[in-house]
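Engineer: Here is how the chains run, residue by residue.
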Amino acid sequence: MRLSGLTLRHFRNLGSQDLEFPPEGIALIGDNAQGKSNFLEAIYYLETFRSFRGARDEQLVGFNSELFRVTGTMQATDEECGTEVVAAAFERNGKRKKVSVNGEEPERLGDALGRLAAVVFSPRDTQLVSGGPKKRRRFLDIVLSLSQPGYLAAIQEYRRILQQRNVSLKTGQPPSVVMAWDSGLIKSGASVTRARRDWIDLRCEAFRDYYARISDGVSARITYAPSLSLTGAASEGGIAEAFRDALAVTAERERRVGATVVGPHRDEVQLQLDNGGSTLDLRQYGSGGQRRTAALALRLVEAKSIRESRRKQPLILLDDVFAEFDSGRSERVLELMETEETGQVVLTAPREEHVRIHSDSLPRWRITAGVVAT
Amino acid sequence: MSVIDQLTGELSRLPGIGPKTALRLVHYLMKGSKGDTRRLSRTIAQLAERIRPCRVCGNFSEDELCQVCSDPRRDRSTICVVEEAYEVGSIERTGQYRGLFHVLGGRLSPLDGVGPAELNMDGLLERVQRSSGEIGEVILATNASVEGEATAVYLEHEIRPLGPRVTRLARGIPVGGDLEYIDGNTIAQALAGRREMES
Chain X
1 MRLSGLTLRH FRNLGSQDLE FPPEGIALIG DNAQGKSNFL EAIYYLETFR
51 SFRGARDEQL VGFNSELFRV TGTMQATDEE CGTEVVAAAF ERNGKRKKVS
101 VNGEEPERLG DALGRLAAVV FSPRDTQLVS GGPKKRRRFL DIVLSLSQPG
151 YLAAIQEYRR ILQQRNVSLK TGQPPSVVMA WDSGLIKSGA SVTRARRDWI
201 DLRCEAFRDY YARISDGVSA RITYAPSLSL TGAASEGGIA EAFRDALAVT
251 AERERRVGAT VVGPHRDEVQ LQLDNGGSTL DLRQYGSGGQ RRTAALALRL
301 VEAKSIRESR RKQPLILLDD VFAEFDSGRS ERVLELMETE ETGQVVLTAP
351 REEHVRIHSD SLPRWRITAG VVAT
Chain P
375 MSVIDQLTGE LSRLPGIGPK TALRLVHYLM KGSKGDTRRL SRTIAQLAER
425 IRPCRVCGNF SEDELCQVCS DPRRDRSTIC VVEEAYEVGS IERTGQYRGL
475 FHVLGGRLSP LDGVGPAELN MDGLLERVQR SSGEIGEVIL ATNASVEGEA
525 TAVYLEHEIR PLGPRVTRLA RGIPVGGDLE YIDGNTIAQA LAGRREMES
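First to last, the protein sequences are chains X and P. What the first sequence shows, in this note's numbering, is residues 1 to 374, in sequence order. What the second sequence shows, in this note's numbering, is residues 375 to 573, in sequence order.
I should point out that these hints are in silico values taken from the structure, not numbers from a laboratory. All clues stand as given, with none of them false.
In silico lysine-lysine, DSSO-like type, Cα no more than 27 angstroms apart, as pairs:
1. X:Lys312 - X:Lys135
2. X:Lys95 - P:Lys394
3. X:Lys170 - X:Lys134
4. X:Lys97 - P:Lys394
5. X:Lys187 - X:Lys170
6. P:Lys394 - X:Lys98
7. X:Lys134 - X:Lys187
8. P:Lys394 - P:Lys405
Here chain X stands alone, though its shape is the one from the complex (with noise of 0.2 angstroms):
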């Protein structure tokens, strides 16, 4: 897949136009506050449909008007597969969204999620590394929904029971009440808890990779800190057993504070370099350039996740990525976008000599007031 066309409405600072996009992609050149990460935000809508700044969709509609819509046309890389038009609107006063995929409303949002197949690469990004743990779930939980069918089901179905239980906890239902949501949460649960593992089991090794190639050869890794202990739950079933039974030792707990204490929602992911024998911490301890490491090993996962996962090749999104790096890491990051992604690009930065991707051969667009110039 590879964007070919994107029409824009009210998008933020983006006023309305109508763009084609090369197959190789383009290098956005603007100063700051023109609307780059703006564009990369509208292209990425079309993915989430939501925004990956973490902005309501009522801050995404430009001044003055009452709707946004994004509209992209995506072209199949294998000629005979066609175009796939995928379109989101957001009305501000009714708070309703509207999403499309070749004109038709998909029965569930969920539905009509992924098909841009895109990573958006920010300097935001090292937030990944060293915030709260909330952070690195979330990661998860975008990185599954996308690319595993039925983990966005168990998730949701999770929180919701979470929720309730949650709520018969604090107001003092008695057990029997509380347990009644004990094999729900216990069943999508486990699913949510195996997918999250598994997962990491699997890019492990290539979070490793990334992240000494980026440092010229540092040795850090990915571990999933799971709130169960998996010691022996290999299976689902398994994993549900090892719930059961962390939910009988922990009922006095959670009765006494009113939550429950064990489970998903208390998951953990550690980002640790290996420091001569011992461990290092990134999130705690890390210093800015290895946190960018790591955050950029991550999307690096990420979008290697959509190529075999969903057989697609995604669009990488880099938002003014290389400002940050020293020139040894961003020449070797480089290199390793030459060789990884070789689909297609779309680039922003504020300077012309930020832009040597694709052995400098996007075509250039400009931003200026949200206008792109082509």
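Assemble chain P onto chain X, guided by the hints.
Structural biologist: Coordinates of chain P only, in the frame set by chain X:
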């Protein structure tokens, strides 16, 4: 406020009816015969006066006992438990069920402040207990939602010690369903609940 506005407002509170449809209905009533409109309003008034929950099962009823509970031909050894009274009709229309019903009046949902006490659960347990073994099976036909499932689990734990068999409606492929168009979650459930062919 004019009568027209008032009626439009009242009608638009009904499910599936917005202000535009409500106004269209009001116009229709104004143009139609006065007799028809009076009969409609009388019938609606009667609904409020006559319909009450059945003393035994909670189903809609015009008498103390609903039509199902008062029918001597019904099988009294089975109770089918549903969330809402209108779901009794859904099961009745199949013509396949000859037992009794029990209407809970909702489902467990702590988020909405609904616990066992807010539902017609004691009535059900009492019925099972008082039947002294006559009720051999309780079918839990609560919805296949997260809340409906929790309600079923709760009831299962309460009913089983009292003796009867507790069963749950099967889940899976709808009749005439085409695999291509059924969501993955439903297919997964249908796979998990597959049965031996007995043709």
